[in-house]
Amino acid sequence: MQGASSQESHAGRRRALVDAAAFDGGWPYYAGQASRLEPTAWAVIALAATSDSSSERPVSAGRAFLRGVQRHDGLLVDAGTAGPNFAWNALTLLADVAVSQDDPGSWRARLVADLLNVRGVALEGASADIRQDSRLRAWSWTAGTFSWVEPTAVALLALKKVRAAGAAATTRVTEAEALLLDRVCDGGGWNYGNSQVFGQDLRPYVPTTALALLAMQDRRDHSVVTRSLAWLIAHAESERSAMALSLAAICLQVFGVPTDAVRARLLEQESRTGFLGSRHLAAMAFYALTIPRHRARTFEVS
Amino acid sequence: VNVVGIEGRSAGMTRRAFLGVPVAALAAQACHGGGPPFVASDFVVPSHSAVGIFPAAHYGVDLVDVISRGLDSLRIDVRGRSVLLKPNMVEYEEGQAINTHPLVVVGAAEALRRAGAREVVVGEGPGHRRDIEYLLASTGLYDHLRENRLRFVDLNHDDVRDVPTRSWFTGLRSLALPVSVLAADLVVSLPKLKTHHWAGITCSMKNFFGVVPGAVYGWPKNLLHFRGIDASILDVVTTVRPALTIVDGVTAMEGDGPIMGRARPLGFIAMGTDLAAVDATCARVIGLDPENIAYLDASGRFLGNIAERRIDQRGESPERYYSTFDVVESWRSKRLRS
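Line order of the protein sequences matches chains C and F.
Start counting at 1 in the first sequence, then tack on 283, and there's your number in my numbering.
Start counting at 1 in the second sequence, then tack on 25, and there's your number in my numbering.
Just so you know, these hints were derived from the structure itself, not from any lab.
Careful, some of the hints might be misleading.
[Claimed, not checked] Part of the chain F face toward chain C, derived, beta carbon under 7 Å: (1) G165; (2) G243; (3) L248.
Just so you know, these numbers come straight off a predicted model, no measurement behind them.
Note that CB positions come from ideal geometry on N, CA and C, so glycine has one too.
Given the sequences, and given the hints that come with them, work out the whole structure.
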């Protein structure tokens with residue numbers, strides 16, 4: 284996978300990603316659409332990790348786009364939408380750090396402060412039909428709703444990556460970890476939400492498990508983490524999509540597990556679906572396919 | 026502009042009638058100034074609504090023909106119109122009847138094309154799994170779409186536009202909706218008939234949770250759950266204004282739906298322009314009383330006809346398919362048949 288033809292393919296993927304940028308510096312989910320936070324963050328992460336002279340300008344423009352949509356309260360909001368998506372805010376934090384450790388204008392500091400302020404809603408006296416502690420509060424997708432695995436995992440990972448410090452950060456990290464531990468499925472791994480409803484165990488999924496493991500990478504001796512990593516290793520190729528295979532490869536790399544087989548599947552998937560023409564999925568896949576070059580350090584917590 | 030909208034309003038509906046049970050609980054959430062949470066003159070319910078039940082014993086039958094006959098029978102005119110088909114895709118489990126069958130999706134698309142639709146696209150924004158590529162590929166829909174040259178729109182990640190809601194049972198006065206949904210002349214629901222552990226039944230109306238973009242509202246469209254599933258169904262449906270529904274009742278789901286239930290063959294395609302009437306008919310078929318399903322009961326008071334006497338049946342008699350579906354414990358006492 285690392286031969287000359289592979290390098291040429293990567294150059295083609297990088298060129299396609301650079302060409303997909305919009306005039307405002309951001310990336311849309313699909314061609315012809317408005318630039319949005321999530322695809323822009325993934326494009327910046329992918330191009331920054333594989334930087335060459337052709338990608339310096341789009342990375343810098345992408346970062347400027349992301350920084351340009353910050354509200355006065357520190358959070359970022361996609362144009363045309365009513366409020367912030369906290370998962371995309373956290374992902375953007377990872378993208379910004381991937382470009383540079385510098386934080387001009389304290390942009391990142393304000394984003395971290397506000398991410399620490401937002402919390403999912405607790406459900407007191409929640410239904411006995413669901414086996415979980417619904418009082419735990421971590422991150423929801425949007426304001427005023429319940430905490431879910433994916434936004435919690437991305438926010439937790441981002442805060443660990445930027446080494447958010449202080450009492451507030453410690454409290455939030457502790458509660459977010461507690462939530463992820465509470466939501467783990469019986470055999471390891473994570474569903475997007477509950478682990479059991481109406482007496483039926485729900486099954487884990489590859490993308491959510493990979494994200495939760497990335498968020499818990501500094502707790503790798505915990506039995507939930509070891510069990511979930513074993514589940515991911517066993518199922519990493521089971522969900523054929525750019526999202527599942529890319530996140531699986533990134534996670535396995537961070538945990539020191541070989542990723543060749545998963546990346547090979549990702550190439551097959553690219554041939555089969557072209558990732559539906561999604562810029563966002565193409566960026567994720569480009570990052571995962573180039574893991575031998577950058578070792579997925581953007582997602583590594585030291 | 027929808028060619029066949031949910032039009033009309035129920036003349037002479039009183040506040041007392043509207044605030045019936047269980048509608049009262051819905052209405053109380055959002056009543057402003059003591060009135061119902063919608064402008065009554067925006068909704069006109071016809072005196073009768075046609076609902077077609079057309080046999081389709083299995084997915085191997087000619088579904089294009091079945092649906093074409095349904096369009097003829099219901100006199101649906103789609104000539105020159107752009108159509109967005111909204112199937113129900115939630116999660117994938119091999120052998121489970123969770124999603125609208127791909128052959129129903131492409132069968133409906135082809136039938137609408139033959140009936141003269143200018144353009145047919147398929148759009149979905151899954152409420153649980155946001156990995157649309159995985160869902161399309163694993164369910165087989167991806168291959169069918171390619172084979173039939175059908176464009177797919179990922180509604181979770183489409184551009185959005187904020188539009189005022191036409192009712193506000195949730196208290197929401199606007200919703201950010203995908204531009205592809207707003208731009209279509211005709212929005213067609215293509216649901217899978219399933220029990221739903223919270224709402225009772227998921228069919229034509231509940232299917233529209235999938236047009237609410239996850240990139241804006243998160244997963245599993247959590248804002249809608251917080252605002253109340255029944256209330257949200259009403260506000261989304263009144264705002265999207267679907268024109269037609271084509272229900273995959275070939276193999277339905279019973280038990281702990283909409284995900285963990287069991288496949289239950291029924292052998293029909295249900296169709297109609299009044300989504301409340303179609304869903305009420307499907308509820309009766311599976312043994313549930315529409316008046317015990319909060320959003321259907323509320324719909325029957327301003328949006329469509331749910332009373333049997335106001336539904337004109339086309340095709341087969343629904344009685345032929347009457348069954349008693351297994352449901353979760355909380356719904357057992359609400360069944361029509363034991």
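Results of checking the hints against the structure:
Interface restraint check for F:G165: the shortest CB-CB distance to chain C comes to about 12 Å, outside 7 Å, so the restraint is violated. Taking 7 Å as the C-beta cut-off, the interface hint given for F:G243 holds, the closest approach to chain C being about 2 Å. Interface restraint check: F:L248 against chain C, minimum CB-CB distance 6 Å, threshold 7 Å, status holds.
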